[in-house]
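Novice: Read off the chains here:
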Amino acid sequence: MPEFLEFGKHTTYVVSSFSLTMMVLVINVVTARLRLAARIKRTRQRLALEENS
Amino acid sequence: MKARHQRLIAIGLVLVGLGLGTTFLLRAMNENILFYYSPSQVAAGEPPEGRRFRVGGLVVNGSIDRAPGDLEVRFVLTDNAKTVPVVYSGILPDLFREGQGIIAHGELTKDGSFRADEVLAKHDENYMPPEVEDSLKQVHGGAET
Amino acid sequence: MWTWFHKLGSPPHFYRIATRLTPWFGWAALLLIVAGVYGGLYVAPTDYQQLDGFRIIYVHVPSASLSLFIYVNMALAAAAGLIWRIKLAHAIAAACAPIGASFTFLALATGSIWAKPMWGTWWVWDARLTSELVLLFLYFGFMALRAAIDDENRADRASALLAIIGVINVPIIKYSVDWWNTLHQPATISKLGKPSMDSDMLIWLLIMLAGFMCYFVAVVLTRAKAEVLQRARDQKWVRQALEGK
Chain A
1 MPEFLEFGKH TTYVVSSFSL TMMVLVINVV TARLRLAARI KRTRQRLALE ENS
Chain B
1 MKARHQRLIA IGLVLVGLGL GTTFLLRAMN ENILFYYSPS QVAAGEPPEG RRFRVGGLVV
61 NGSIDRAPGD LEVRFVLTDN AKTVPVVYSG ILPDLFREGQ GIIAHGELTK DGSFRADEVL
121 AKHDENYMPP EVEDSLKQVH GGAET
Chain C
1 MWTWFHKLGS PPHFYRIATR LTPWFGWAAL LLIVAGVYGG LYVAPTDYQQ LDGFRIIYVH
61 VPSASLSLFI YVNMALAAAA GLIWRIKLAH AIAAACAPIG ASFTFLALAT GSIWAKPMWG
121 TWWVWDARLT SELVLLFLYF GFMALRAAID DENRADRASA LLAIIGVINV PIIKYSVDWW
181 NTLHQPATIS KLGKPSMDSD MLIWLLIMLA GFMCYFVAVV LTRAKAEVLQ RARDQKWVRQ
241 ALEGK
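If you read the protein sequences in the order shown, they are chains A, B and C. First residue of the first sequence? That's 1 in my numbering, and the numbers climb one at a time after it. First residue of the second sequence? That's 1 in my numbering, and the numbers climb one at a time after it. First residue of the third sequence? That's 1 in my numbering, and the numbers climb one at a time after it.
Please keep in mind that the hints were generated in silico from the structure rather than gathered at the bench. There could be a bad hint or two in this list.
[Stated by the list, open to error] Some residues of chain B that are not near chain C, with every Cβ distance over 10 Å (derived): (1) Ala44; (2) Gly45; (3) Asn61; (4) Asp65; (5) Arg66; (6) Gly69; (7) Leu71; (8) Lys82; (9) Ile103; (10) Gly106; (11) Lys110; (12) Glu133.
[Unchecked claim] Below, a list of computed lysine-lysine pairs in the DSS-like style, where the Cα atoms sit at most 27 Å apart: (13) Lys87(C) to Lys41(A); (14) Lys174(C) to Lys116(C); (15) Lys116(C) to Lys9(A); (16) Lys236(C) to Lys41(A); (17) Lys116(C) to Lys236(C).
Ideal placement from N, C-alpha and C gives every residue a C-beta, glycine not left out.
Required output: the full structure, derived from the provided sequences and hints.
Specialist: Laid out in structure tokens, this is it:
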């Protein structure tokens, strides 16, 4: 464990709770953005279809 | 057919969710009425006999007795009125210390002491650096003496 | 007043505003959270009892606050959708649920990690912990209900009802530590009275809380945009929004 991640006898607990939190925050952002991108793509396809018909 | 099927699933899910929720809530409330007994209540014989229960109180200063080379710890819990001696062998929480609020789960033995198989620490909502705590102590000590 | 209300409820207007606001909240969140993590881990002094272990508060308390804050928002949006039949409000409620669920999960998980060394157990069935677990099930129930019903309008209405009923759990969670004898300690920060925390420690907690709030706004706007697009019928504004940027 690098020195900046040493928190006395509670190192494991502090590091695991902080990293778990950051992981969940990142996952939330990524899924939200992927969802929006997928939705935009599908809407574009729908619009193109409607235009042709 | 399909729509009705889905409606049934939806209603079922809601019912299961609500049921689960109320069960957990009732369970929590139920256990909380008896979450722990104070040493005074134990002295008065309030906890049901022959059943396991929780006792909560403060660890009496200087009462912690640890046999060398053994996990067994003896200490006394108080509510500032009555006391209960507790015997426990196992790992103690970090916050376990003299004067700390403790909740022990176990049963009374024949000699009147409480044999615990679980000891939890209850901490308060105050957070401060050690220096602040020291100066607080000094102020309080000075005012009282 | 009513024009403002109508404008707010109009999907094109919302989509435009959301697109403009999201980066601001996103960057503010990143800045505040980075500052909060750094301050909480390295600048704030150690606690007199818990030493470095108390630092978990910087992720636990904001997660727990947000889990409640988001639920109230979700229920309000759902109620507005139900009462005034605003589709946008339902879209926002739907966008709230997964974010709220993830913060509830974080509150439970980080609380458990914190409880192990300090209390001596990963979990107890006390009123605070149990009611927070019920909150997680409420979020899951809301999402499951939406997924189970194909028809959008009916899914909106059914899930809104569930969200509104579930609101009773919010005060139960908040006041559980005062009403019942719990292992969990009472609140450190409350609206009335001064917080039971040293100001050198408190400042980073408030920064973290602000960061989490901005984060929530940024993510919920992104999710709501996807929901709005999914519900869009009138293709004129959609075309404008997607192409005429």
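Novice: CA of Lys116(C) to CA of Lys9(A), is that 27 Å or under?
Specialist: OK: Lys116(C) and Lys9(A) at ~13 Å, within 27 Å.
Novice: Are all beta-carbon distances from Gly45(B) to chain C longer than 10 Å?
Specialist: For Gly45(B), whose nearest Cβ neighbour in chain C is about 20 Å away, the distance exceeds 10 Å, so it holds.
Novice: Would the pair Lys116(C) and Lys236(C) pass a check requiring their Cα atoms to be no farther apart than 27 Å?
Specialist: violated (56 Å)
Novice: May I ask you to check that Ile103(B) keeps its beta-carbon over 10 Å from the closest beta-carbon of chain C?
Specialist: violated (7 Å)
Novice: Does Glu133(B) really sit off the interface, with its C-beta more than 10 Å from all C-beta atoms of chain C?
Specialist: violated (4 Å)
Novice: Say whether it holds or is violated: Lys110(B) keeps its Cβ farther than 10 Å from all Cβ of chain C.
Specialist: At about 27 Å from chain C, Lys110(B) clears the 10 Å cut-off, so the statement holds.
Novice: Between the alpha carbons of Lys236(C) and Lys41(A), is the straight-line distance 27 Å or under?
Specialist: Since the Cα atoms of Lys236(C) and Lys41(A) sit roughly 16 Å apart, the hinted pair holds (cutoff 27 Å).
Novice: Classify the label on Gly69(B) as holds or violated, using whether its beta-carbon is more than 10 Å from each beta-carbon of chain C.
Specialist: holds (22 Å)
Novice: Beyond 10 Å on every Cβ pair: is that true for Gly106(B) relative to chain C?
Specialist: At roughly 14 Å from the nearest Cβ of chain C, Gly106(B) sits farther out than 10 Å, so the non-interface label holds.
Novice: Within 27 Å, alpha carbon to alpha carbon, are Lys174(C) and Lys116(C)?
Specialist: Holds: Lys174(C) and Lys116(C) sit about 22 Å apart, inside 27 Å.
Novice: Against chain C, does Asn61(B) keep a CB gap of more than 10 Å to every residue?
Specialist: Non-interface label stands for Asn61(B): nearest chain C Cβ at 16 Å, farther than 10 Å.
Novice: Hinted pair, alpha-carbon criterion (27 Å max): Lys87(C), Lys41(A). Please report holds or violated.
Specialist: Holds - the C-alpha atoms of Lys41(A) and Lys87(C) are around 22 Å apart, at most 27 Å.
Comparing the model with each earlier hint shows violations of hints 9, 12 and 17; every other hint is respected.
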